[in-house]
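J.: As a plain string of letters, each chain reads:
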Amino acid sequence: MNNNDIKNIVVVGGGTAGWLTAGILAAKCAREQGRDINITLIESATIGNVGVGEGTWPSLRTTLQALGVSESDFIRDCDATFKQGARFNRWAEDSDTDFYYHPLMLPANVGPLNTITHWLNKFNSSGLSYSQATCHQEAACEAGLAPKAITTPEYQGNLNYAYHLDTNKFSTFIKEHCVKNLNIIHKVNDVVGVRAEPDGAISALTLADGSELDGDFYIDCSGFSALLIDKHFKVPFIDKSDVLFCDSAVAVQCPYELEPDIASHTLSTATGSGWIWDIGLQSRRGIGHVYSSRHTSDEAAEQVLRNYIGEKARDLPVKAIKYTPGHREKFWIKNCVAVGLSAGFVEPLEASSILLVELSAYWIAEKLPLKNSGLSRCEQQFNDIFRYRWDSIIEFLKLHYCLSNRRDSQFWRDNTDPDSIPRELLNKLDMWQEKSPSILDFLSRADVFPLESYCYVLYGMNFKTTTHDPGDKNLKSTEHKINRQRKNLDALLSSLPKNRQLIDAIKKHGLQKI
Amino acid sequence: MEPRIEILDESTHRDLNVDFSEARASYFKRRLIPVVISEFFTLMFHYPIVFVKDGETGKFSCSVLLGVSDEATLLDDKSTEDDEALPLNIRRLPLLAIDHSPDSEPMIGINLDSAGINRGDQLFKHDSPELDSALAALSELYQGHRETDAYIKTALELGLVSKLQAEIQFNDKPKVTLEGLYSVDINKVERLIDGDQKDKFLTIARYAYAQNFSLYNMRKLTHLKS
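Those protein sequences? They're chains G and L, same order as listed.
Per my numbering, the first sequence starts with residue 1, numbered consecutively.
Per my numbering, the second sequence starts with residue 1001, numbered consecutively.
These are computed hints drawn from the structure, not numbers from a lab.
Keep in mind that this is a model prediction, so the values were computed, not measured.
Incorrect hints may appear among the rest.
As the list claims (entries may be wrong) - No farther apart than 25 Å at their CA atoms in a straight line, the calculated lysine-lysine pairs in the DSS-like style are these:
| id | chain 1 | residue 1 | chain 2 | residue 2 |
| --- | --- | --- | --- | --- |
| 1 | G | Lys513 | L | Lys1175 |
| 2 | G | Lys187 | G | Lys28 |
| 3 | L | Lys1053 | G | Lys513 |
| 4 | L | Lys1175 | G | Lys481 |
| 5 | L | Lys1163 | L | Lys1059 |
| 6 | L | Lys1153 | G | Lys508 |
| 7 | G | Lys508 | L | Lys1053 |
| 8 | L | Lys1029 | L | Lys1053 |
| 9 | G | Lys498 | G | Lys169 |
| 10 | L | Lys1198 | G | Lys513 |
| 11 | L | Lys1175 | G | Lys487 |
Claimed, not checked - A short, non-exhaustive set of chain L residues, derived as facing chain G with CB atoms under 8 Å:
| id | residue |
| --- | --- |
| 12 | Thr1057 |
| 13 | Val1161 |
| 14 | Gly1180 |
As the list claims (entries may be wrong) - Derived Cβ-Cβ restraints for the label pairs, each shown as a range:
| id | chain 1 | residue 1 | chain 2 | residue 2 | range |
| --- | --- | --- | --- | --- | --- |
| 15 | G | His480 | L | Ser1101 | 56 to 64 Å |
| 16 | L | Thr1203 | G | Glu176 | 28 to 36 Å |
| 17 | L | Lys1029 | G | Ser494 | 18 to 26 Å |
| 18 | G | Ser494 | L | Thr1203 | 25 to 33 Å |
| 19 | L | Ser1139 | G | Gly310 | 58 to 66 Å |
| 20 | G | Gln33 | L | Lys1029 | 49 to 57 Å |
For each residue, glycine too, the CB sits at the ideal point set by N, CA and C.
With the hints as constraints, model all of the structure from the sequences given.
T.: Take a look at the structure:
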């Protein structure tokens, strides 16, 4: 490979991953850093989008702002609603009363973790859960409230929030914005081959019409096809189905009959062989059953989904998705990096799909070398970091399963079998049984899920940590702070509109920029 | 309960008595009163003129900030007859405009639940300078809405609107932070002269400077008796 300038970037794939990556590179590299680069996105004329993931992280707010998108336009055009976390039903016990929240806000500082858990276990007469005691957001979600008011400026919130969105509408929206405002060159053609340098690096893409598209750096956002990372570079795929058993999904789009409230959280309800996601958009609910094909049949899984929805589901068409949970052995090779489904896929339990696209794109935008000679260093660094991130996401997803007390099906018995739990996670659980988790257990800057997220899941799933008695003074102080926070709750809740009420107001009037 | 509002009519309201002064006084304890830009050049000497957002639409409007509590306002030492110092939205009372459709002129209405109704003089019996004043105020308000909206739109498009960082400290009391108030950033307005937006500077500048000048009245809020 020659030591040329890296100037022409080619993104292969016109789904959410492709357009988001291209947009972030254009906004960060070209506009913010002033680099002289051209970004071309080539989209297949024949292959449709998978459209995975209707849940996002709060990071998408930063991304949309960086791209120069109006939040009001985004909400209007992408069927988007506000998401403030996830409610996990039936994960700890298979009962109607079992649920916990993983909100998007960090817990309030009501005391050291040992004191909080000690107080919750021994003095908690009103039966508050960990998230109820430490965070307002569960109450806002239970009341169906929005995280902000119509007077709150774009992208700001009284409570932290992300979005639920229609991914196909989102791809179209971002595409139009990128082409119109970020100077991304859009080509529609099918990539049928690769012309390679002697060392395997890509020198040009061969297209269906016989022409070639050459670039200095290639980003493979071609989805499960993995046209470059798999078909050309043949990078092995690491199958993680020994840890995460779910490998199939059936999904429906369920229109609202009237215009009911829109939940401002993802509902994740555990079943005997997986779990059901239930996401409220403006015009419909997106509902799907993710399941392990080793533990149930496709027909039975579909029936579980239909039973969950009820009579309304009878005539709704079901879309089936098969996947292998896992990721590539490496994501960056030579002058190519895989982003999105071509890099890997795991169940959308914590909405990690779009997040990983954002993280990858920001990394590339920050570190993309000026010349080819810098690529090998990036390759090493990117692969180390993102291998760590994939492992940590898989570990965090497994945490939801392995803490369960459910033993009502083989799926749950297998999921709680220590042989299916990564060694690092087992070690952490052993450690946290003896002493509360600490920020010192989360020192890597590449960590995707922070200590606070682990605490919401651990204590939501009734994980028991041995605590020491912190003394009356400390316990009273924590109790006082928890009570004070609960007292402030009414004022907060009365200041927030219902989720649908705010969405309707935004569609009609828009949000102000400031 | 919805107020009883009727279209003003000389025969229907022949026997109606109105005390305009009492109607005006009923707004004297309001903290914010919406204003239009044609009023800026008189009101700027008396009250801070700020941008606030509507609670239902989130849209910006212009208002005078009269107080920070329900107990005392900058109108307390004003006379109900001092047209020079009163916002049009007080001078019009108890009349109001009724918009039937965006395509037609609004009708003049009267709020029969307003203070001052069924008191004072008969509305249509004599020449009434108070009624003339209310009608004139209503007319100016109606004319001023569109140009005020245009002013706000231009200010927002040019990024001239900024959050007002204001704290009021009364004697021996903790500071009160005023939330939800915005003003025009005069430094940004000045920078328009050198850029491509010189035309817009000429459109907006006199109102922006008046609004900026009005902020000197913020200090009067600290002298209110509470």
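J.: If a hint holds in the structure, say so; if it doesn't, say that too.
T.: Tested hints:
1. Lys513/G / Lys1175/L: Between Lys513/G and Lys1175/L the Cα gap is close to 28 Å, so the pair fails against 25 Å, i.e. violated.
2. Lys187/G / Lys28/G: Holds - the C-alpha atoms of Lys28/G and Lys187/G are around 22 Å apart, at most 25 Å.
3. Lys1053/L / Lys513/G: Judged against 25 Å, a Cα distance of about 12 Å means the pair holds.
4. Lys1175/L / Lys481/G: 24 Å, holds
5. Lys1163/L / Lys1059/L: Given that 25 Å is the threshold and the Cα spacing comes to 14 Å, the pair holds.
6. Lys1153/L / Lys508/G: 17 Å, holds
7. Lys508/G / Lys1053/L: Answer holds: Lys508/G to Lys1053/L is near 15 Å, not above 25 Å.
8. Lys1029/L / Lys1053/L: Holds. Lys1029/L to Lys1053/L sits at ~20 Å (cutoff 25 Å).
9. Lys498/G / Lys169/G: Holds - the C-alpha atoms of Lys169/G and Lys498/G are around 24 Å apart, at most 25 Å.
10. Lys1198/L / Lys513/G: 23 Å, holds
11. Lys1175/L / Lys487/G: 23 Å, holds
12. Thr1057: 4 Å, holds
13. Val1161: 6 Å, holds
14. Gly1180: This interface hint holds because 7 Å falls under the 8 Å limit.
15. His480/G / Ser1101/L: 56 to 64 Å: Given about 58 Å between the Cβ atoms, the range holds.
16. Thr1203/L / Glu176/G: 28 to 36 Å: Holds: the Cβ-Cβ distance is about 32 Å, inside 28 to 36 Å.
17. Lys1029/L / Ser494/G: 18 to 26 Å: The hint (18 to 26 Å, Cβ to Cβ) holds, given that Lys1029/L and Ser494/G are roughly 24 Å apart.
18. Ser494/G / Thr1203/L: 25 to 33 Å: 41 Å, violated
19. Ser1139/L / Gly310/G: 58 to 66 Å: 59 Å, holds
20. Gln33/G / Lys1029/L: 49 to 57 Å: 55 Å, holds
Of the numbered hints stated above, those contradicted by the structure are hints 1, 18, listed in ascending order.
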